[in-house]
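Visitor: These protein sequences, in sequence, are chains A and B. Each residue of the first sequence is one higher than the one before, counting from 1 in the numbering used here. Each residue of the second sequence is one higher than the one before, counting from 1 in the numbering used here.
Since the hints were derived computationally from the structure, they do not count as laboratory data. Quick caveat: nothing in here was measured; it's all calculated off a predicted structure. Some hints here could point you the wrong way.
Stated by the list, open to error - Computed beta-carbon distance windows for the label pairs:
no.: 1; chain 1: A; residue 1: Leu126; chain 2: B; residue 2: Trp9; range: 23 to 33 Å
no.: 2; chain 1: B; residue 1: Met1; chain 2: A; residue 2: Pro517; range: 34 to 44 Å
no.: 3; chain 1: B; residue 1: Ile29; chain 2: A; residue 2: Asp306; range: 26 to 36 Å
For every residue, glycine included, the Cβ atom is placed at its ideal position computed from N, Cα and C.
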Amino acid sequence: MQGETVIKSVAKKPKIFTTMFLVSAVITAFFSIFSLISPSTLAKVMTFIQSLFATQYGWTAMLIPVLCMGFLVALGVSKYGKIVIGGKDAKPDYSVFSWLAMLFTSSIGIGIIYFGVNEPLYAYYLAPNSTEAPNKMEAAREAMGTALYHWGVSVWAIFSVVGLVMAYFVTRHNIRYLPGDVIEKSFGRRKWVPVTKHSMNVLAIVCSALTIAATMGLGSVQISTGITKVMGTGLSFEGILPYLVLVILLIVCFFAATTKKVGQGMQKLGDWNVYLAIAILIFAMLFGPTRYILNQVVQLMGTYIDQLIPRNFDMFLFSNDPTYTTTWDVANNMWWISWTPFMGVFIASISKGRSIRQFAFATMTIPVIFMLFWHATFGGIALLDAVLGTGKIANHAMESPEMTFFAILETMPWSSLTSIATIVLLIMFISTTVTSAALSLARMTDADGKEAAPVRSAVWVLLITVIALTGIFATTLGGNDALNAVKSLATTLSYPYLFFFILMITAFIKQLRKDKPQV
Amino acid sequence: MELYYLQGWELVAEKVLQVGMLLFIVWNIKLLLFENDAIIDQGIEGDHNDGKEQN
Chain A
1 MQGETVIKSV AKKPKIFTTM FLVSAVITAF FSIFSLISPS TLAKVMTFIQ SLFATQYGWT
61 AMLIPVLCMG FLVALGVSKY GKIVIGGKDA KPDYSVFSWL AMLFTSSIGI GIIYFGVNEP
121 LYAYYLAPNS TEAPNKMEAA REAMGTALYH WGVSVWAIFS VVGLVMAYFV TRHNIRYLPG
181 DVIEKSFGRR KWVPVTKHSM NVLAIVCSAL TIAATMGLGS VQISTGITKV MGTGLSFEGI
241 LPYLVLVILL IVCFFAATTK KVGQGMQKLG DWNVYLAIAI LIFAMLFGPT RYILNQVVQL
301 MGTYIDQLIP RNFDMFLFSN DPTYTTTWDV ANNMWWISWT PFMGVFIASI SKGRSIRQFA
361 FATMTIPVIF MLFWHATFGG IALLDAVLGT GKIANHAMES PEMTFFAILE TMPWSSLTSI
421 ATIVLLIMFI STTVTSAALS LARMTDADGK EAAPVRSAVW VLLITVIALT GIFATTLGGN
481 DALNAVKSLA TTLSYPYLFF FILMITAFIK QLRKDKPQV
Chain B
1 MELYYLQGWE LVAEKVLQVG MLLFIVWNIK LLLFENDAII DQGIEGDHND GKEQN
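Chain B extracted, bound-state conformation (with noise of 0.2 Å):
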């Protein structure tokens, strides 16, 4: 039972660590799916070194 019920900063870890991962897989679900690419990627190509296209 106590290896599920932890105490002390092993506690606070876990809830930090389980709640991190499950934020970040809602916000994966909304920049694929609820952002508007028009808006933000406006004017990027061109402008950075390295993940724009190149010649």
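The shape of chain A in the complex, shown without the other chains (with noise of 0.2 Å):
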């Protein structure tokens, strides 16, 4: 009897609409409808809250991600970062740069082409280190500065703290893929625990859903400038645009979602986004002002080491703009933070293998030379143009950013190719992106909390194109920013997710204590 009881439970078909699935889809769907009936009284309502938030907050914004930097060093060069993820005899499923590059093109690749190229001019015109610099070079030497912090190192710690605790507590204690579970599996009985752990997951889950649904609405806005700019304005479906754009990315993400061999398919979109990025990154450092570039790389290396620690302290007190750290640096830290909940469980799904040591290292390394480069080249000639050129692609940063990057292309030879290139990276970002996203929702929302079930998977890609494509309709019709209404409400969401995001790591070494791994 007692056996055929076991059979039956195994037998048992796992169930895709789970209560957690349930409560974050009902969470998430309203906030969309919400933002497509009246996107004005919502992003109102959430830029109430955030600025608020954000002003109160600012100094544990800007603390975090140095208390990361140091977590991850600290960890790095003791004896815990000897341990690797998944037991002493694991084997990585992926190679370094196969680990790497899904890495970056799941979260900040798909930003380096819209905000990427626009951070060093908006911060030349209005970070106050730039402003109230003493001179033009001065001015222009902290805009590259601030420009490659708010992409470094401390975005990087934030993302590898979040997924080496997730990998951490996975692969040694078998816990679902949950930041909640986190919690209760090292405060044990508390009493406190079981409301914190619900409400952490369904933070979470609604939190990340936001996210990638305005970065897919913003991307879908850009991808659609590209594809006029290459095809001439005037075109007769050139409305409806945006909502092709979104549905050929529905339509790549399902099949990348579901198809059976889902980690595969990751890492060679991955793989090929890189080879990509390289190539039109390398194209326009030959084709365009190369010694200048290369004058860039230099003096933004030096600037970035000088400034790497003391940017961090940085809340620009006495300076004329006494908001530009609450709107831009705090900003700037809430929205990757907004990031960490699928983040942390992609990152935790894909780093078997890995030691600590080389996810502390690695991680905070390779991407900030990557974005050095990136940043020297495309946002290094977009603040060439505006100190010392006609200022016509500054115009664009402020008025049109979603211009700015195919603005610099046409500056070079064979713009339209590039652009297509441009496009076709812009669409390949966006779609891992989103599909890493549902499938660390899928696991999430999983019952066992371990398997991103392929159903599970597609109606989350479907949820968040939903958000996007209501976002995309509220903005066209009503003339109101709906995304970023989205956006908005993501960050803002995150504001509570700041105080998850400290017990986790409380969590972490209070069980890194308790387990004293042996290394």
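Dock chain to chain to rebuild the complex, using the hints, since each chain is given by itself in its own frame.
Guide: Structure, rendered in structure tokens:
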């Protein structure tokens, strides 16, 4: 009899629509409908809450990356650095290149074309260390430093810590792929644990879905701009172009998320994304102002090393713009923290066989070296035009930022060809991000928190696309920036997540002390 | 100056949020260093559905 029960329970079909899935999907859907019906109200409410928290918790948001950096370095050089994710004999599923390529493309890769090129210009015109610099030379130097700071070691330290914590608990303690379960495992029977765990899990899922939806929506708009640029204005389908792009993305992501060999597909996509990005970068370095770019690489490296620690502590007190830190540096850190729930799960799922030391040092250095070259090339060209040139590229950054990258390509030969390559790159970047997010969300909403069932992954792809679609639709209809409302919502939700983030690090240190792993 | 010397509900909100975060940090330090896990965690394995180690 007992044997029969066991057989029955083993043969039971896995539940696709779990309670966790339904609760988070309903909350996500509620916000997306709200953003469609009244984007301006949503944006107003969210901006209010966000500014309140950003103003009050600016110091915490600035300290978090520094703590993460310090924590990773300390772990990396300590005896714990030798701990291998998945056990001493675990072999990595992916090569170092593929592993880093997947980390890069599923996270900040998507933003390097949109914000990556605009950031030095924004910093040049808005950041106090540039606007209040004694001369152009200092202002430009500081602007480049600020841009790389927003995409540099601090961002990777945040991702890496969360990924490491998830990977450690999932592989060593076999918990579910859910941040709340880390708290339960480490803090056990304390009264506050169940409520904290459930709120953390739901918030992590909703936050991830909204972050990715906003990114997907903004990306689709940029792809449409690129297509219009290549094919010329006046296309009969220009109005519906963003929707067409979304449908293409939906099909690609659907296919990528539901295919049987998900890991291999993601690995290939990640590799090719990075190859293409490197090809575009080399092209720009060769056909752009090569000598200036190389000079910029050297100078930016120096500026970054010089500012690596102090910039993280700079609150710009007594500057002429006291709101700068809140609107830029703090908002930037919070935006990346809003990515951590799904990034943590994704990193954990691909990092078997990597040691903590590798985790700490590879993730904090290699992607940043790539970003250094990328910023020095594209951001550098944009800044050169703003400081010594026509200022045409800078105008794009202020009025239509999705055009800036294409405007830079126009200054080089074969711009149509490179614009097409950029569109392909954007589609690949967005597909990788959305797919990895959908897979993480499917894992997080699984009853056992382990499997990313294809049907559930597909439903998440669909939900994310619908939110992005409503964002674009509301923006087209009412002229209100609904996509930014969704982005603002995701950032706002990441403020309560800040508390969970700190708690998760406490849980990890506590667990390490309890486990006393043999190394 | 008025940026740092708030009035009315803004002042109350600031104090609540700041003190809240500081207390939260202190609480984390207490969790990490000053709690006897042996007593609190007694019998945890197997009682919980999710955070427990799965087979």
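Visitor: Taking the hints in turn, state whether each one holds.
Guide: Evaluation of the provided hints:
1. Range check, Leu126/A to Trp9/B: Cβ separation about 30 Å, and the 23 to 33 Å hint holds.
2. A hinted range of 34 to 44 Å for the beta carbons of Met1/B and Pro517/A is inconsistent with their spacing of about 53 Å.
3. Distance hint for Ile29/B and Asp306/A: a CB-CB separation of about 32 Å, consistent with the stated range 26 to 36 Å.
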